[in-house]
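Model the placement of chain B on the given structure of chain A, informed by the hints.
So the sequences go chain by chain: A and B. Residue 1 is where the first sequence starts when you use the working numbering, and the numbers rise one by one after that. Residue 1 is where the second sequence starts when you use the working numbering, and the numbers rise one by one after that.
One-sided excerpt, in silico: chain B residues whose CB lies under 10 Å from chain A: (1) His249; (2) Ala259; (3) Ala260; (4) Ser261; (5) Glu263; (6) Val264; (7) Arg302; (8) Val309; (9) Glu313; (10) Pro314; (11) Glu319; (12) Gln323; (13) Arg326; (14) Arg351; (15) Ala354.
Derived by calculation from the structure, the hints in this document are not laboratory data. Treat the numbers as computed from the prediction; the structure is a model and nothing was measured. The beta-carbon is built from N, C-alpha and C at its ideal position, and this holds for glycine as well.
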Amino acid sequence: MGQVGTRILTVEDDERIRTAVKLALEDEGWEVAEASNGEDALQLFTQEPADVVLIDIMLPGIDGFEVCRSVRRTSDVPIIMVTARADTHDVVAGLEAGADDYLTKPFAPKELSARIRALLRRVRTSDPAASHLAFGDLEIIPDEGVVRKAGEEVHLTKTEFRLLVELATTPGRVFSREVLLERVWGYGYFGDGRLVDVHIRRLRTKIESDAAQPQHVVTVRGLGYKLQV
Amino acid sequence: MFPLKTPGLGTRISLAFALGGLLLSTFLAFATQTLTREVLLRQRENAALSLALGNAQLAQSQITDDTEAEGVDDILSALQSSSSRPLVQLNGVWQGDGSGAFTQEDVPVELLTLVASGQPGRIRIALNDQLTLIHGIPLPEDNADYFEAASLAETESNLRSLQLVLIGAALTSTLLAALLGKYASRRMLEPLNEVSDAAVAIAGGRLDTRLDLQVAPELTSLANSFNDMAGALETRIDRDARFASEVSHELRSPLMTLAASVEVLENNLDQMPDRAATAVELLSSDVTRFQTLVQDLLEISRFDAGDAVLELEPVGIGEFVRQVARRSTESELATSIAPTAEEAIVDVDKRRLAQVMANLIENARKYGGGATRIDVFATADTATIAVEDAGPGVPLAEREVIFDRFSRGSAGGSRGIDTGVGLGLSLVDEHVRLHNGRVWVEDRPDGLSGARFVVELPVSDGEADGSWDEEGI
Numbered sequence: 001m002g003q004v005g006t007r008i009l010t011v012e013d014d015e016r017i018r019t020a021v022k023l024a025l026e027d028e029g030w031e032v033a034e035a036s037n038g039e040d041a042l043q044l045f046t047q048e049p050a051d052v053v054l055i056d057i058m059l060p061g062i063d064g065f066e067v068c069r070s071v072r073r074t075s076d077v078p079i080i081m082v083t084a085r086a087d088t089h090d091v092v093a094g095l096e097a098g099a100d101d102y103l104t105k106p107f108a109p110k111e112l113s114a115r116i117r118a119l120l121r122r123v124r125t126s127d128p129a130a131s132h133l134a135f136g137d138l139e140i141i142p143d144e145g146v147v148r149k150a151g152e153e154v155h156l157t158k159t160e161f162r163l164l165v166e167l168a169t170t171p172g173r174v175f176s177r178e179v180l181l182e183r184v185w186g187y188g189y190f191g192d193g194r195l196v197d198v199h200i201r202r203l204r205t206k207i208e209s210d211a212a213q214p215q216h217v218v219t220v221r222g223l224g225y226k227l228q229v
Numbered sequence: 001m002f003p004l005k006t007p008g009l010g011t012r013i014s015l016a017f018a019l020g021g022l023l024l025s026t027f028l029a030f031a032t033q034t035l036t037r038e039v040l041l042r043q044r045e046n047a048a049l050s051l052a053l054g055n056a057q058l059a060q061s062q063i064t065d066d067t068e069a070e071g072v073d074d075i076l077s078a079l080q081s082s083s084s085r086p087l088v089q090l091n092g093v094w095q096g097d098g099s100g101a102f103t104q105e106d107v108p109v110e111l112l113t114l115v116a117s118g119q120p121g122r123i124r125i126a127l128n129d130q131l132t133l134i135h136g137i138p139l140p141e142d143n144a145d146y147f148e149a150a151s152l153a154e155t156e157s158n159l160r161s162l163q164l165v166l167i168g169a170a171l172t173s174t175l176l177a178a179l180l181g182k183y184a185s186r187r188m189l190e191p192l193n194e195v196s197d198a199a200v201a202i203a204g205g206r207l208d209t210r211l212d213l214q215v216a217p218e219l220t221s222l223a224n225s226f227n228d229m230a231g232a233l234e235t236r237i238d239r240d241a242r243f244a245s246e247v248s249h250e251l252r253s254p255l256m257t258l259a260a261s262v263e264v265l266e267n268n269l270d271q272m273p274d275r276a277a278t279a280v281e282l283l284s285s286d287v288t289r290f291q292t293l294v295q296d297l298l299e300i301s302r303f304d305a306g307d308a309v310l311e312l313e314p315v316g317i318g319e320f321v322r323q324v325a326r327r328s329t330e331s332e333l334a335t336s337i338a339p340t341a342e343e344a345i346v347d348v349d350k351r352r353l354a355q356v357m358a359n360l361i362e363n364a365r366k367y368g369g370g371a372t373r374i375d376v377f378a379t380a381d382t383a384t385i386a387v388e389d390a391g392p393g394v395p396l397a398e399r400e401v402i403f404d405r406f407s408r409g410s411a412g413g414s415r416g417i418d419t420g421v422g423l424g425l426s427l428v429d430e431h432v433r434l435h436n437g438r439v440w441v442e443d444r445p446d447g448l449s450g451a452r453f454v455v456e457l458p459v460s461d462g463e464a465d466g467s468w469d470e471e472g473i
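Isolated chain A (complex conformation) (with noise of 0.2 Å):
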């Protein structure tokens, strides 16, 4: 069950599925608040931000892409996007936009559930000694949510956070594709792998001083990715 008073913004141009995955949502315990078209759902979302949207990229008018930047642009809210195939550019260009995860039309609506739990977790800090992390630069506050490149606070989305403090829980250490899409997104072996690639790139982009050189998130050829101590 959702968490009480958690909203999902919901962006579908056809109404009978809006309506039918609104039921499906409220009965996981969600509120839900709809949107046909992008215009709609920006002046929803400024009027009064969701915890979660879900956005199907076929809109008409400015279409999903456009729309996940435009929320992207003021909000680290988790984004899920609805596309039409699993094979396509459109994922990790929807990725690229800032979406954080993604489901393939027709999904059953309590995978969508499982999905928006997984992007609400919150991150786990039990090692009091992991409450504050420093990486050369780079600082992490885990409790508070907070990174620091030189000082001056970087915002990362939540799924970038996450994706962030999950690697400097055991600095050195190379976590797999799998790994990771299982912690981070509550995949298992078979989550997509470019949910992760897509992912570290814009972290690196923030992060980084040269996203092309980077000295914090470093890949390692064949096995994964890890944050260099």
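Here is chain B on its own, set in the frame of chain A:
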């Protein structure tokens, strides 16, 4: 009745060239031979005539009324040469050169009569098997007739040599013509081979194949027609493929509504009367089935439209299969992962390979009483995954067709509650082929009843790494 095998076009062209060459060279040889023969013989005859006239004159001047027979012999002996033999009838008495090679019996009667009437003449006869020219010249002053036999043997032999040369030339030119024919036909058939190759390519699915026959302007119209046909075919197939894709696409929206609505209904099952609840359960399971069908159709139509994109990443095949088994609901499923497979890295599209495995396990569940075992092993070049069941196995005759679309084989003939639509194995085939791999079904190696589906994939050469992402790991 066996129809005779029609010789190929190339052979026929070659033969026609050879025949033409033979006819032409034979005609030329024959003409050359005839003309040369006439010219040579005439020359020889003219020479013989002058000689005969000279000799006759000489004989006439030397023979006098009182010349004895021996004297005539001597005169004739003096006139004799390698190519001419004289003979004289003097006062009704024949005198020869004494060699006996040319006697009065040899002189044809016509010539004798002619010369007797005071007319000179000549005649060609075969003397001692040699063509010989006999001149007859009356010598009225001596009351004598002079005959001279001139052998044409040398000319004949020259002509025979010429004949041999000509026959040789004719044969050589026939052979050359045949070779030329072969070459010409090959050149001519070259564009046809291109056409054939292009047709094979199109039949093989490369619909964008087009002909470029610039070498032969005559064939431009053929190339144009061919390309038009290929274009029309491509458009048509493309349209059909898009149609299937669009139809499946359009089905997704209502399916989405159905899936969400059914879920709402299911959430409220306990508040429904039994009959309604049963109906909802039926509805729910068929919506799921419908959903699978549409997803499979979409996947297949993407293959048809050439839209299928592989998202490869290096995957340890042993770990992959372990994960597949872990996710599977089959309780009896045992995995046997060879040490070679633990190290084998294969570039795969995980989503697709997961679907391959899921479909094979599902297929075993439907028709083979459930998968019993997954074998994984690898060589330096290939990684192999085999899924076994304990069902009736697949009859030899069906081992190919079960991978066809909407084919359920004899085992799937009855439409039970839980049979599929027959897209599962064809999707397996398409996915595996997209990976440059192969899939087939065989008997279980342990001799027990059951089918063994084998997927063979090429092992990574270590080059590829997440082709969809330049930062792939």
